[in-house]
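Assemble the whole structure, with the sequences as input and the hints as a guide.
Those protein sequence lines, which keep their order, are chains E and B. full-length UniProt numbering numbers the first residue of the first sequence as 1 and each following residue consecutively. full-length UniProt numbering numbers the first residue of the second sequence as 1 and each following residue consecutively.
Keep in mind that the hints are not guaranteed to be accurate.
What the hints assert, rightly or not - Here are a few chain E residues that sit away from chain B, every Cβ distance over 10 angstroms (derived from the structure):
| id | residue |
| --- | --- |
| 1 | Asp75 |
| 2 | Pro333 |
| 3 | Met582 |
Said to hold, decoys possible - One side only, chain E facing chain B, incomplete, derived with CB under 10 angstroms:
| id | residue |
| --- | --- |
| 4 | Tyr288 |
| 5 | Ala298 |
| 6 | Arg307 |
| 7 | Ile311 |
| 8 | Ser344 |
No lab work stands behind these hints: they were computed from the structure. Where a beta carbon is used, it is the ideal one built from N, C-alpha and C, also for glycine.
Read off the chains here:
Protein chains: 2
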Amino acid sequence: MTSDPTTTIPAPTNPTPPAQPVLTVTTGALPASAKVHVAGVIHPDIRVPMREIALHPSAGEPPLRVYDASGPYTDPGAAIAIERGLPRLRESWVAARGDTESYAGREVRPEDNGFAADDRLTPEFTTCHRPRRARDGRAVTQLAYARAGIVTPEMEFIAIRENLARQQAAETAPRRDGDSFGAAIPAHVTPEFVRDEVARGRAIIPANINHPEAEPMIIGRNFLVKINANIGNSAVTSSMAEEVEKMVWAIRWGADTVMDLSTGRNIHNIREWIIRNSPVPIGTVPLYQALEKVGGIAEDLSWQVFRDTLIEQAEQGVDYFTIHAGLRLHHIPLTVDRVTGIVSRGGSIMAKWCLHHHRESFLYEHFPEICEIMRAYDVSFSLGDGLRPGSIADANDAAQFAELETLGELTRIAWDHDCQVMIEGPGHVPMHKIRENMDKQLEICAEAPFYTLGPLTTDIAPGYDHITSGIGAAMIGWFGTAMLCYVTPKEHLGLPDRDDVKTGVITYKIAAHAADLAKGHPAAQLRDDALSRARFEFRWEDQFNLSLDPDTARAFHDQTLPKEAHKLAHFCSMCGPKFCSMRISHEIRADARQQGMADMARKYREGGDLYMPALQDG
Amino acid sequence: MTSDPTTTIPAPTNPTPPAQPVLTVTTGALPASAKVHVAGVIHPDIRVPMREIALHPSAGEPPLRVYDASGPYTDPGAAIAIERGLPRLRESWVAARGDTESYAGREVRPEDNGFAADDRLTPEFTTCHRPRRARDGRAVTQLAYARAGIVTPEMEFIAIRENLARQQAAETAPRRDGDSFGAAIPAHVTPEFVRDEVARGRAIIPANINHPEAEPMIIGRNFLVKINANIGNSAVTSSMAEEVEKMVWAIRWGADTVMDLSTGRNIHNIREWIIRNSPVPIGTVPLYQALEKVGGIAEDLSWQVFRDTLIEQAEQGVDYFTIHAGLRLHHIPLTVDRVTGIVSRGGSIMAKWCLHHHRESFLYEHFPEICEIMRAYDVSFSLGDGLRPGSIADANDAAQFAELETLGELTRIAWDHDCQVMIEGPGHVPMHKIRENMDKQLEICAEAPFYTLGPLTTDIAPGYDHITSGIGAAMIGWFGTAMLCYVTPKEHLGLPDRDDVKTGVITYKIAAHAADLAKGHPAAQLRDDALSRARFEFRWEDQFNLSLDPDTARAFHDQTLPKEAHKLAHFCSMCGPKFCSMRISHEIRADARQQGMADMARKYREGGDLYMPALQDG
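What follows is the structure, encoded as structure tokens:
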């Protein structure tokens with residue numbers, strides 16, 4: 001029942017073992033939770049993981065099933081061994097399609113790891129898997145299959161995963177509610193619906209053929225709102241062991257994808273450890289590594305170095321690349337009057353390159369070649385918003401929307417190459433300007449999924465930017481953003497540690513869920529209702545267990561009422577027994593039974609005047 | 001410069017001194033901050049406090065003035081002595097009006113303090129001030145004065161306070177932005193504007209004539225969005241010393257009003273200590289104390305006990321009373337099918353009473369008499385929403401809106417008595433149902449100010465309900481709510497401690513400020529812009545000092561880069577020097593100067609094609 005044990009993993013053996021800390025990752029089920037698997041129908045071998053939260057017998061309710069991005073780490077039946085990596089679930093699916101080949105792959109070069117050597121070198125992953133790529137220039141993307149009418153195992157997996165609890169919702173809560181701003185959320189998710197959404201470009205399945213460890217998931221406006229957690233070392237701090245644990249920790253609390261934004265040494269090797277152990281899609285910004293390869297001098301970047309990095313990372317299995325190809329030379333002057341200039345790292349690097357050479361971005365010029373690489377591995381595009389606003393003052397300005405127009409143009413080119421695409425969005429935006437971001441993106445990018453960072457709704461609260469941005473994230477998620485990139489309390493101040501990662505993930509799970517509720521997702525409210533019933537019936541353990549963070553809920557309760565007996569108490573420390581509205585409500589219901597209140601309520605609704613005395617005086 | 005010193009106050013001497021901890025409250029200026037005062041014109045003796053945040057000389061900017069609710073505690077020039085209470089600022093203003101009289105007042109009775117005795121009895125406050133009340137049935141409310149065309153010192157004080165920085169905004173940022181949903185926020189706040197808004201009932205000035213220590217403030221849709229922090233002991237925990245410090249601590253971080261929701265023993269004496277030391281309006285729910293007086297048995301409540309409690313608290317100086325007079329007998333049956341019944345404590349108590357006696361609420365029946373008491377002291381109404389939803393499932397239901405209709409009816413009655421009124425609102429509401437709450441409230445209650453608790457936008461995150469509700473609070477604040485009642489991380493789980501109070505206040509300052517920005521408050525963005533400029537120019541100290549919580553911002557930064565030298569560094573731990581987009585942006589601007597980019601930008605805007613090469617291939 002304790003939710004945070006750790007499994008200690010011996011450091012991998014290696015011919016020349018550099019000093020490495022012992023690897024520990026967090027494993028074990030969340031409180032009262034069990035991992036269950038649902039089998040496919042079209043593809044009977046697929047097993048879709050879900051989490052079942054058991055309730056107290058007095059509830060008289062079945063366990064509640066919830067979406068589960070945490071992978072085998074929360075499965076007590078799974079043998080976790082970081083040095084071996086996760087089971088290669090999708091390997092046979094990819095092979096069965098017969099359109100790829102394995103090959104020797106690119107050799108790792110010293111610059112891939114920032115020339116780290118000796119005890120500064122993170123060891124290579126224990127097993128070297130030969131990469132696969134498309135045969136004969138074929139498109140091996142989920143988009144290509146979808147367009148060809150093929151329902152892949154990935155698509156059925158996703159249908160089952162997304163369909164979670166909708167049957168139950170249909171039975172217990174038939175009334176649909178919400179406002180989805182023109183989205184088309186179905187009552188029931190079929191594999192065919194998944195295929196169709198992918199074929200239209202309205203959703204993507206980030207699933208590099210070289211990341212077979214990943215459990216398929218989908219990003220699109222007509223599915224559950226997803227969240228991304230960023231991890232990664234920097235030149236200043238952190239190690240491989242920390243980053244692998246951050247990834248496991250982030251998905252434990254609900255991150256749907258993880259971006260590895262490492263910018264220090266050992267980028268190649270750290271990423272390999274992360275991917276081999278990640279059950280969620282991994283995204284990167286290849287430009288960061290390319291810049292490291294040229295010693296951090298933006299002007300020295302070239303298409304050749306960048307292309308080499310794309311292939312390096314595609315072979316490793318990165319599922320989506322942020323590509324800042326929308327920032328063009330002629331956009332840069334639009335930023336000169338900004339309060340905070342260009343705040344995207346990738347954007348500023350490309351702007352620097354463009355200005356220095358006074359030529360068009362090589363990412364823009366070589367975009368079709370980038371597409372060809374992406375489609376050979378099924379790496380999805382995440383078209384970067386290099387000109388996103390970095391302050392309230394710069395929101396929705398000419399630079400930002402000029403770049404968005406280019407992203408719309410690039411979306412269509414990527415689609416012509418059968419590549420999957422999502423679009424990155426801001427940033428810092430006050431509430432009244434959020435909706436315009438969503439509306440423009442949908443229109444300009446033809447409904448390709450939107451993936452936003454926050455947005456932060458004010459600049460004045462460093463240390464609390466998970467909250468300033470959680471507000472904006474919930475709103476833009478409601479308006480139609482498909483994935484929300486988290487912001488941690490350390491934003492603008494430092495690199496997030498483990499606690500910050502958790503706070504960021506929980507905050508964004510709140511935003512995503514609030515958005516799902518507001519959009520009218522058919523089953524989203526089941527968890528709210530189950531928790532509220534537990535609250536009303538004083539099932540404290542169920543309240544904790546149904547919450548996004550059972551450990552914190554329990555710890556907060558126990559700070560004032562630590563005794564086990566209080567877990568059964570029909571009151572809490574806030575009001576004490578005399579003022580407990582919930583307890584009094586139960587008494588009212590008991591009275592109601594005596595007085596036939598349901599009958600009274602009917603009369604009231606019918607407009608009878610029995611219970612409507614007029615105000616006596618005044 | 002350190003922001004959290006404490007002043008140690010010896011326990012008050014008392015004829016029979018019970019054991020009391022030594023009183024400590026937090027004093028001292030916030031970092032880089034000074035207290036300044038602005039004098040009145042109509043009333044030259046008024047001195048309106050503001051906080052000035054000094055910036056680094058390299059900024060070339062004057063200090064930034066911000067609204068300051070923290071009172072003398074952050075003024076190094078003020079002598080703080082809890083046992084003496086704060087200076088009685090408004091005493092002469094009240095006396096000068098000549099419409100009140102001082103009198104002996106009600107004697108404190110044992111039941112006022114829950115029959116606490118001996119060492120369980122909190123000592124009385126050191127000084128007994130004779131209460132004042134209206135002479136000859138006069139209305140001594142700010143509403144009555146406003147209607148009579150009188151601009152009170154309170155109104156001029158507020159005009160200066162609210163007008164803060166608008167002159168500067170008019171000079172530096174002439175363009176108004178935002179969407180205020182039909183509010184009428186002026187470019188300049190005059191005392192006459194304040195008077196007019198109060199006269200219309202669109203704003204209230206909670207200012208009991210017996211709380212002359214309070215610095216006048218206003219709650220209304222056309223002013224800055226305010227926040228309230230709840231404190232108070234319960235039968236289970238906490239003491240007077242803690243509650244006084246919680247009040248001081250809450251206003252230090254920005255609480256505009258404080259509600260004392262004590263429900264344990266010593267309610268009377270603890271409240272007296274709080275009021276005598278509070279520079280912000282204090283609100284209460286008199287029903288809580290009335291219930292204590294009848295031993296916690298709701299059925300034993302009576303109009304007599306309640307009336308006695310109103311007078312007791314009005315004499316002490318409570319500035320606004322939550323009165324649950326809108327919950328009527330015939331509404332109760334509407335709650336029987338709810339998931340969480342009645343979650344308002346006051347609502348559940350009154351429902352219990354109504355059902356037990358099977359008669360109309362004595363609060364509703366005696367409402368005109370309540371008005372007469374309120375107007376004799378200028379206690380403002382906060383009409384309670386006893387039927388607010390306690391879960392997503394119950395949001396915007398028939399019970400909630402039936403009560404709101406009654407609140408609209410009562411608003412007009414209170415106005416007929418020259419009483420000031422605001423209306424309390426929910427609760428738990430998914431995002432798509434928030435707007436309806438605001439629109440209905442404005443319509444039904446004729447634009448009386450709305451005062452909402454959150455709302456929480458999902459039920460599934462106990463332990464993080466400051467965030468689930470901060471989202472809803474920002475939105476409803478944008479839509480027009482005048483004051484946001486904070487929710488702390490302990491909501492639903494326990495009583496907030498000091499840390500929780502701070503987290504709740506900062507979260508709600510974020511929500512209120514985000515709302516001000518989105519409404520287009522003329523000067524709100526000045527602070528965002530100042531902080532963003534500091535960020536862009538690597539003025540780390542200024543970033544910390546301009547933030548809502550300088551201590552936390554600094555501590556987070558120092559976790560990774562603790563050295564003083566890093567406070568001048570042109571990068572941070574997130575990206576390190578090579579990837580710092582801000583640094584690169586500066587290089588871009590340097591290049592821009594060389595290349596004449598401003599000129600290029602102009603050409604681009606004019607539609608020139610010089611910088612718009614077509615995509616080369618694809």
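Status of the hints after comparison with the structure:
no.	hint	in the structure
1	Asp75	holds, 22 angstroms
2	Pro333	violated, 3 angstroms
3	Met582	violated, 7 angstroms
4	Tyr288	holds, 7 angstroms
5	Ala298	holds, 7 angstroms
6	Arg307	violated, 15 angstroms
7	Ile311	violated, 19 angstroms
8	Ser344	holds, 6 angstroms
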